[in-house]
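> Each chain, written out:
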Amino acid sequence: MNKIKIPVDLILKNIEESRKETTSKLKKASSVLTGDLDTGISQTPYEVVYKEDRVSLKHYQCDDVKIKTPLLIIYALINRETMLDLQPGRSVVETLIGKGVDVYMIDWGYPTRKDQFLTIGDHVNGYIHNTVEEICKRSGVEKINIMGICMGGVFSIIYSALHPHKVKNLVTTVTPTNFDTDKGLLNIWMKNTDAELLGDTYANMPGDIMNLGFLLMNPARLMIDKYVGFMQNVDNKQFVENFIRMEKWIFDSPDVPAATFKQFIVDCFKKNLLIQSKLEIDGEVVDLQKIDMPVINFYGKFDHLVPPEACETFTEAIGSSDKEDVCFNTGHIGIYVSSKYQQEFAPKIANWLAERDN
Amino acid sequence: MTDANRGSEVAKLFESWMDTANKFWRDVENSREETLKWGDVNLDFGLKDGETDDDKYRTYRSWETSVKNFTTFLKILSAPENQQAMAESSTSFTEALNQAAGDSFENLLEFQGNLIQSFARASEYTNSYNFDNLDHSAFQSFRDLYTSEWQKYLHIPKIGLPREFHEQVSDLVDKSNIFYTYIAELFYLFSLPFEKSNYSIQQKINAMLEQGEVENDPTKLYNEWIKILEGNFMQLMKSQEYTNLLNGLIRSLADYKAVKNDVTNIFLEEYQIPTNKEMDEVYRELYVTKKKVKELTRRLEKLEEKLGS
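Residue numbers (numbering that gives the first Met the number 0), protein chains in the order written: chain A, 0 to 357; chain B, 0 to 308.
A hint or two may mislead.
Counterexamples of contact, computed for chain B against chain A with all Cβ distances above 12 Å [what the hints assert, rightly or not]: (1) 78; (2) 172; (3) 306.
For lysine-lysine, the following DSSO-like pairs were computed, each having C-alpha atoms within a straight-line distance of at most 27 Å [to be verified]: (4) B:226 / A:225; (5) B:291 / A:136; (6) B:174 / A:261; (7) B:305 / A:165; (8) B:290 / A:261; (9) B:291 / A:261; (10) B:226 / A:24; (11) B:256 / A:269; (12) A:24 / B:219; (13) A:225 / A:26.
Worth flagging that the hints you see were computed from the coordinates, not collected in a lab.
Glycine included, each C-beta is placed from N, C-alpha and C at the ideal position.
Required output: the full structure, derived from the provided sequences and hints.
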């Protein structure tokens with residue numbers, strides 16, 4: 000019988016080395032965590048130029064406007080628009096301004112119980128339309144450029160179909176339009192559960208519950224590995240600062256008004272009405288053929304929240320002849336915050352808008 | 000034992016119980032008379048103006064009458080001519096009790112049987128990344144037992160002035176019981192990917208040790224473990240079992256929260272604090288009014304524009 004030898008001396012040596020390494024790391028970590036950390040987000044200067052109920056319109060300072068048509072960014076009601084301006088050097092807003100885009104962005108604020116009856120129509124035909132009017136008035140233009148993100152992209156599409164005369168160019172990013180797919184867990188769950196009940200149960204859909212749902216889509220990575228990674232790099236000041244910025248953003252989750260949440264689940268996830276041009280908003284059908292302005296549609300190949308299958312059929316369904324799909328090899332958030340796509344995403348938008356700014 | 004013999008045994012038991020009860024109440028009566036005769040203790044607290052002896056002891060007299068009536072009733076019941084009827088009715092009563100207990104006991108046994116089978120199936124080996132043969136019916140068995148056996152006691156019709164309150168509290172207990180079985184099931188389900196991943200990685204380590212190999216870099220093992228865990232979770236999340244559970248959880252949460260709000264509202268109303276329900280009515284009115292005002296303002300602005308031009 001062969002006797003198997005275990006290199007005990009090597010194991011003991013490794014343990015000793017790890018111990019020394021850990022002790023040194025902890026000393027450094029202590030000085031990093033107790034020292035001055037720059038974890039501020041949303042630092043690009045702006046002023047609030049319009050306010051209605053909880054909603055405000057941010058206008059970013061741009062000293063050298065090269066594209067005369069202003070751009071309105073419409074973020075989702077889930078999480079906050081600060082993701083587009085995480086930190087200097089990693090900010091979509093900063094890059095767009097740098098390219099001469101006059102940027103406005105809607106801050107949806109924090110809905111309270113009194114906002115529970117607000118529908119998608121109230122957001123699109125109310126808040127969005129009023130902000131568009133305000134921007135037109137301020138800039139002296141008839142039409143503006145619109146860029147929508149995720150659920151905000153859905154709102155942008157609805158707005159563009161209902162008010163095409165107000166939209167010069169439309170940019171959709173990670174925007175779901177075809178909900179009839181089983182590629183994303185959200186699609187599976189929303190289709191096969193009575194999630195809309197939660198709207199009534201809580202009056203508004205709590206942001207924390209939605210966040211928990213997103214974490215549970217990949218608990219191994221989002222609830223374990225992420226923090227193991229943090230501990231491995233806890234002695235790296237820059238890593239810690241970036242990590243805290245992301246934590247600040249990701250757990251800053253406003254509630255979603257109940258009526259909007261229910262309408263989104265039932266009409267979009269369950270009935271898939273938007274892509275079929277059957278969705279009705281305030282009694283009016285959202286006909287995608289009415290989207291006749293230039294459209295560029297970005298999505299991520301590895302997006303686990305809005306899979307490519309949910310995005311890529313949009314441009315086929317619209318009336319515009321000037322349209323383009325751009326698929327990046329990244330995930331839902333990577334498009335906006337990864338270092339690699341900082342060089343590709345926002346510059347591509349600025350160039351595309353500049354080409355159509357006649 | 001034949002039915003006749005059983006009846007006679009029950010009759011004897013009943014007779015002896017009647018004798019004991021008779022003696023007890025007779026002793027109580029005697030002791031009361033003795034107490035009133037105590038010379039040293041003054042039980043006469045004096046009569047107030049216009050108060051007769053009957054008024055003074057009216058509570059006691061009412062009690063005394065009740066005791067006397069009850070002992071008379073016991074005497075009648077224990078009379079020889081009533082023995083047979085009593086024996087028969089007590090047998091029926093015993094049978095009814097046995098029947099009720101028997102039903103519950105049978106259901107309990109069935110539940111235990113299901114539970115044992117479920118645990119046996121759950122502990123069977125299943126492959127990594129496979130949740131098709133998942134067995135978590137122990138929780139469903141518990142819910143079945145709960146709904147068939149215990150829920151009915153919470154649904155006993157409530158009576159009297161606080162009927163509605165009692166009904167809501169019972170409903171709250173009922174709904175929370177169901178909700179927490181789903182929560183327990185969810186935790187159980189989440190434990191499975193860990194169990195499978197740990198088992199996979201342990202097997203790998205074991206195989207390496209048998210070859211005399213040791214992984215010098217624990218990070219490599221961790222990376223492999225987290226990859227397996229991610230895969231296992233992904234499979235679980237995509238499974239029909241998980242979606243079904245999620246739906247059950249959402250529905251039971253909605254039911255539980257609704258009735259919890261109802262009960263909370265009772266207390267808020269008691270302290271005259273506006274309830275969510277009341278505030279929601281105000282918010283709805285506010286929402287409708289604001290919408291109308293905005294629409295009218297828009298129309299007015301258009302009219303002014305037209306008039307101005």
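> Indicate, hint by hint, whether the structure satisfies it.
How the hints compare with the structure:
1. 78: Non-interface label stands for residue 78 (chain B): nearest chain A Cβ at 64 Å, farther than 12 Å.
2. 172: holds, 19 Å
3. 306: holds, 20 Å
4. B:226 / A:225: Within the cut-off at roughly 13 Å; holds.
5. B:291 / A:136: holds, 24 Å
6. B:174 / A:261: holds, 23 Å
7. B:305 / A:165: holds, 21 Å
8. B:290 / A:261: Judged against 27 Å, a Cα distance of about 20 Å means the pair holds.
9. B:291 / A:261: The hint holds at about 23 Å.
10. B:226 / A:24: Answer holds: residue 226 (chain B) to residue 24 (chain A) is near 26 Å, not above 27 Å.
11. B:256 / A:269: It holds: about 24 Å lies between the C-alpha atoms, which stays within 27 Å.
12. A:24 / B:219: Since the Cα atoms of residue 24 (chain A) and residue 219 (chain B) sit roughly 20 Å apart, the hinted pair holds (cutoff 27 Å).
13. A:225 / A:26: Holds. Residue 225 (chain A) to residue 26 (chain A) sits at ~22 Å (cutoff 27 Å).
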